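Participant: Chain A is fixed; fit chain B onto it per the hints.
Read off the chains here:
Protein chains: 2
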Amino acid sequence: MNYSSKLIEEAVQAFSALPSIGKKTALRLVLHLVKTEPGMTERLGEALLNMRRNIQFCRECHHLSDGPQCQICSDRRRDRSLLCVVEGIRDVMAIEETGQYKGLYHVLGGIISPLEGVGPEALQIDSLLQRVAVGEITEIIMAVSPTIEGETTIFYLSRQLKEYPIRVSTIARGVSFGGELEYADELTLGRSIMARVPYKSEGS
Amino acid sequence: MNYSSKLIEEAVQAFSALPSIGKKTALRLVLHLVKTEPGMTERLGEALLNMRRNIQFCRECHHLSDGPQCQICSDRRRDRSLLCVVEGIRDVMAIEETGQYKGLYHVLGGIISPLEGVGPEALQIDSLLQRVAVGEITEIIMAVSPTIEGETTIFYLSRQLKEYPIRVSTIARGVSFGGELEYADELTLGRSIMARVPYKSEGS
Chain A
4 MNYSSKLIEE
14 AVQAFSALPS
24 IGKKTALRLV
34 LHLVKTEPGM
44 TERLGEALLN
54 MRRNIQFCRE
64 CHHLSDGPQC
74 QICSDRRRDR
84 SLLCVVEGIR
94 DVMAIEETGQ
104 YKGLYHVLGG
114 IISPLEGVGP
124 EALQIDSLLQ
134 RVAVGEITEI
144 IMAVSPTIEG
154 ETTIFYLSRQ
164 LKEYPIRVST
174 IARGVSFGGE
184 LEYADELTLG
194 RSIMARVPYK
204 SEGS
Chain B
4 MNYSSKLIEE
14 AVQAFSALPS
24 IGKKTALRLV
34 LHLVKTEPGM
44 TERLGEALLN
54 MRRNIQFCRE
64 CHHLSDGPQC
74 QICSDRRRDR
84 SLLCVVEGIR
94 DVMAIEETGQ
104 YKGLYHVLGG
114 IISPLEGVGP
124 EALQIDSLLQ
134 RVAVGEITEI
144 IMAVSPTIEG
154 ETTIFYLSRQ
164 LKEYPIRVST
174 IARGVSFGGE
184 LEYADELTLG
194 RSIMARVPYK
204 SEGS
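Quick note, the sequences are listed as chains A and B, same order. The numbering of the first sequence is this note's numbering, which starts it at 4 and goes up by one. The numbering of the second sequence is this note's numbering, which starts it at 4 and goes up by one.
Any given hint could be a false lead.
Same chains, same names: a pair is fine if it fits in one copy or spans any two.
In silico BS3-like pairs for lysine-lysine, Cα to Cα no more than 30 Å straight-line [to be verified]:
1. K203 / K105
2. K165 / K105
3. K38 / K27
4. K9 / K38
5. K26 / K38
If you are wondering where the hints come from, they were derived from the structure by calculation, not from laboratory data. Small disclaimer: the values here were computed from a predicted structure and weren't measured.
Chain A extracted, bound-state conformation (with noise of 0.2 Å):
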């Protein structure tokens, strides 16, 4: 497309290079940001650069992190004894989110998924095994999707730590809240039935 404008056309073409945003939305974005004041293109770019510039990885759960140690890992508040797995970023946010969990968390950066080429050797476990060694966990919670990489990954690491005094658990797996049941899938629905729990009335 002719912008007439060399400006136009390197913001356009900067914003394109993002997912699923096309040459037409992102001309749409750059006009919007024409018309709008100046500041919000400020916040935006300065934001962006800043962002880029100064974020880290948290050195103990490789979570993102605006220092050398995350928000999290540093809340004094949070329980020290339960450590929760996942694959990545987004699923701390994702527990996080849910207002539950108040122990820590250990980024994965992936999952063992041999049709992939990620082997265990790509994942952050030596990290992981060095954290268990301190001796302060008691617990960890593998929150990992419910797929067959997550089962072998679950696997790998359990036999990983099987030589420490730790519990391993994994998330409950099940019917969702609010779910219709007709429309679970079957392997769900089938697995539920047979991890069935004892019924407490929410009085008792």
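Facilitator: Only chain B this time, still in chain A's reference frame:
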């Protein structure tokens, strides 16, 4: 949402201030930038800041421009006797994209719309009359949307231009090329019959 990082939070907030970009999409874009090489974020941030700080409006046609005069107005190969009047910047880009038009443009910056409180004084009409008064222009093409507001704008402009020795034309309206006749709206179809043109075979 709790991003556990001020840097991420600010980048997500700046992104989601853009139209049609929600918090989830913004987070996906920011995490994409974190994963890719820093140069990509640098290019995006710098391109946006550079664009917004240096973009101008052409002093002749009011199109976007890298300098006081836009690429189109400063192109000496273009026909300076033809002037195409459009509503906005995107219309210039759309017409340029066709590669069919070699004259100049005039961007009104809107359309007369009494319902939305846009009167002629809000548009670039004085500067249009000044350009016409110079005497180089012999034809003005009204390339405005075929709506009631568009027709009103064309009517108003044609009256203002009456005293000058120029032809005023509008872009042809009718059934789209490649469009199925039965799906054309009644008004378009009716008018395209009334405004029928003599048949010329390709060979003649």
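Participant: Looking back at the numbered hints, which does the structure fail to meet, lowest number first?
Facilitator: none
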